[in-house]
Amino acid sequence: MEGGGALRILILAPQDEGSAGPRDRPGLLARALARLGPGVELRVARGPEPGLELGDLDLVVVDVEGPEGLACLGALAPDGPPRIAVLAAAGDEAAERAWRAGATDCVVFRDGADEALLASAAEHVWAFREARARARAARRIESLEDQNDAIVEAIPAGLAVLDEGLRVVRANPTLPRLLEMGAGHLVGRPISELVPAELFEGAGVRGMVEAALRGREVSPRLARCRLPGGGRRAFEVRARHLAAGGHVLLLLLDVTERERLSRRLEAVERYHESVLGSLDSAVVGLDGAGRVTSANPAAEALLGRSAGSLRGRPLWSWLASREAREAVERALAEGGRTRDLETELRPPGAGPQPVALSCAPRVDAGGARDGAVVLLRDLRGIRELQAQVMQAEKLASVGQLAAGVAHEINNPMGFIHANLVQLAEYADDLDRIVEALRPLLRAARRGTPDAELRAAAETLLAAWEAADGDFLAADLGKAVRESLEGSDRIRHIVRDLRDFARRDPEEPVPTDVHEALDSTVRIVSSIAKHTVRFERDYGELPLIPLHPVGIRQVFMNLLVNAVQAIEARREAGESGTGCVRLQTRHAGDRARIRIEDDGVGIPPKLLDRIFDPFFTTKEVGSGMGLGLSTSFAIVRRHGGSLRAESPDHGGAVFHVELPLNGAAAGSGPPR
Amino acid sequence: MTAGGDPPVLLVVDDEPHILAAISRTLRREPLVVVTAGSAAEALGILAGRRIDAVLSDHKMPGMDGTELLRRVGALAPGTARLLITGWTADLEPGRRDELGLVAVIPKPWDDAELRRAVRSALGIHGPAGACVRDGL
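Sequence lines, in order, name chains A and B. Note that my numbering numbers the first sequence so that position 493 is 531, with each residue one more than the last. Note that my numbering numbers the second sequence so that position 117 is 1002, with each residue one more than the last.
Hints in this document: simulated from the structure, not taken from any laboratory. Careful, some of the hints might be misleading.
Listed next, with one range per pair, are the computed distances between beta-carbon atoms [stated by the list, open to error]:
hint	chain 1	residue 1	chain 2	residue 2	range
1	B	R1002	A	V547	23 to 31 Å
2	B	R1002	A	P487	46 to 54 Å
3	A	A462	B	R1002	15 to 23 Å
4	B	R1002	A	E609	49 to 57 Å
5	B	G923	A	A444	17 to 25 Å
6	A	Y576	B	R1002	45 to 53 Å
Once the Cα atoms are required to be at most 30 Å apart in a straight line, the calculated DSS-like pairs of lysine-lysine come out as [stated by the list, open to error]:
hint	chain 1	residue 1	chain 2	residue 2
7	B	K945	A	K516
8	A	K567	A	K516
9	B	K945	A	K643
We treat Cβ as the ideally placed atom computed from N, Cα and C, and that holds for glycine.
Based on the sequences and whatever the hints tell you, model everything.
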């Protein structure tokens, strides 16, 4: 018997108890059945012993030569393997008993005549195996159908099988739920009654179903409709021809939420893109190795390359300073953040560009580090603005000084002008004296008689007296010298102001700090001539590479503050002149400049804030409050430091430190 | 204003000697005597020692300033005409001029003719210029 594996046969021979010899029927049966083939496994038992497993048997052969055999046969389950009753001799009565006891077949077996047994065994084993295979297949189909039903019921898509008349043959429970139809009976109803017309007719679902019925391939479609409950939903609709039965499968998947999410995602992406696109700052995304993954339009403009050509390149190559490269590395390796690090970009083929670099690690949805985002703010505009603000602030302080300076110029202008008016009169007087002198000179030259000479001398003397000649002689030179001195004073004031108000050269120039201090003191003392004394204690300082106007502006701001602090103290009722002490020292590779006043001082809680932009304690109109912050910026860009203290005994001390080599002087003038 | 035919006396006060010299020059042909002082303290000393018909003082001076000097002059000798010369006319609060009884406030730099007019008017001098009386120089 092919294809069925081993052929397992049980021989039951109960009547044979105790007997042996020539009537060994079980042995004869076994020998005969062994002829069925090499795969036959035979077992012999005396009866249906307890625990006898029949399930894997293909055939039971029962010797029914006695009543025990019949009983044995009767005990076998009728739905088990086929049971062949073996008779010793043909006899209707014995056969009848065997049939009644449940035999599948009844054969006569004698030693040497086993054909009938073999034929019966072969036939019934085959039939049994067929039936068993069919039963297994049926069970398998049943279980598959069960699974299928479970899937069809559980699937979140609405399913309906439709016949040629577009009537529902079958539908899963999801369908009515999706369409908010209630739990009525669906089978047999036209699908057009179940699906909203907006969907079925309006959105073309009917067309899809009819095309599928004709066996056409139909592509899925997105359709929207309003449901009985009032809500609008979006469905993905599919229709598929089912070969069996000429039916069509209609599938509705509710994609409203998916659509909403994808629209939101799209909106978020568009927003993201438009934000990045409209940012003035360059935003560059980096992968874990520091290679560019994305770049917004500002980054393209700043780096002079398209996002496409930036992608995959390491950002390092554009970062000029080690500090900036380390900031990016820190973000990538440790998740460190950096804010507004002022550095320079070196795009290939372009000059260095000042930028403020901010850097933060990028984190994926799982919270793991995933590269970094680098933000580069172009500082060129800000630098220009800074320069303008500094210039404006400087001019504002010039404005503050203007009145004082005007007074300084007024005095010499006053006496110079008055002297010139008088000198013009002196010249007229001298003319008259010279006129009177001429006849005397002529007379003397010609050897004129004494009387005539005396007369001429009398005339001259009269003219001398009339013009107050003695006074003229004494005062003429004095008036000229005083006027010269006055014009010199004006010249110096104007020169000091001009030094202060002009713009700095691009490169630092060797500058005499003492000269800068002195010329600033000259300007400032004009507003505080009678109330403030300036004391100098200068050490030895070399020429220092500085932006001279910027440094003068720092001194100006500090000195004006000192004078105002002293005036504030006087206004508070204290009398006496104040004092500003200027001290310079050479300390290592730095110049230390100390400016101390005995004014009102700075409250300790304000010491931290006085260098903040727009911080001012002065009245509105006295300045923008940028003086100290501007000074701070200028000194810092020279690589120096500026700090303030307010000693317990009153007054304030400002310390300026400047590097002597000027190496740290920043690029470009602080103007 | 002048007694016994003596020319009137003007006291000019300024901490700037060149100003004193220049004002003296300007007034050298006026019929008056110019006396000068380099500070308010010196001026008060002179006022205590001799007849002064008018005081012309600078405003900003170390120590006592011009308005304070003129206030004191007004208190000590109300009959003395008081004139202020200043580069800071804006510094003089409105009403202060009347309060101090100033007959003139002359801006610096000054106009010679205006200065002469103000001084003459303060001293009650009429008639042509040129009748020169000199004492101070």
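Any hints this thing doesn't respect? Which numbers, in order? 1, 4 and 9
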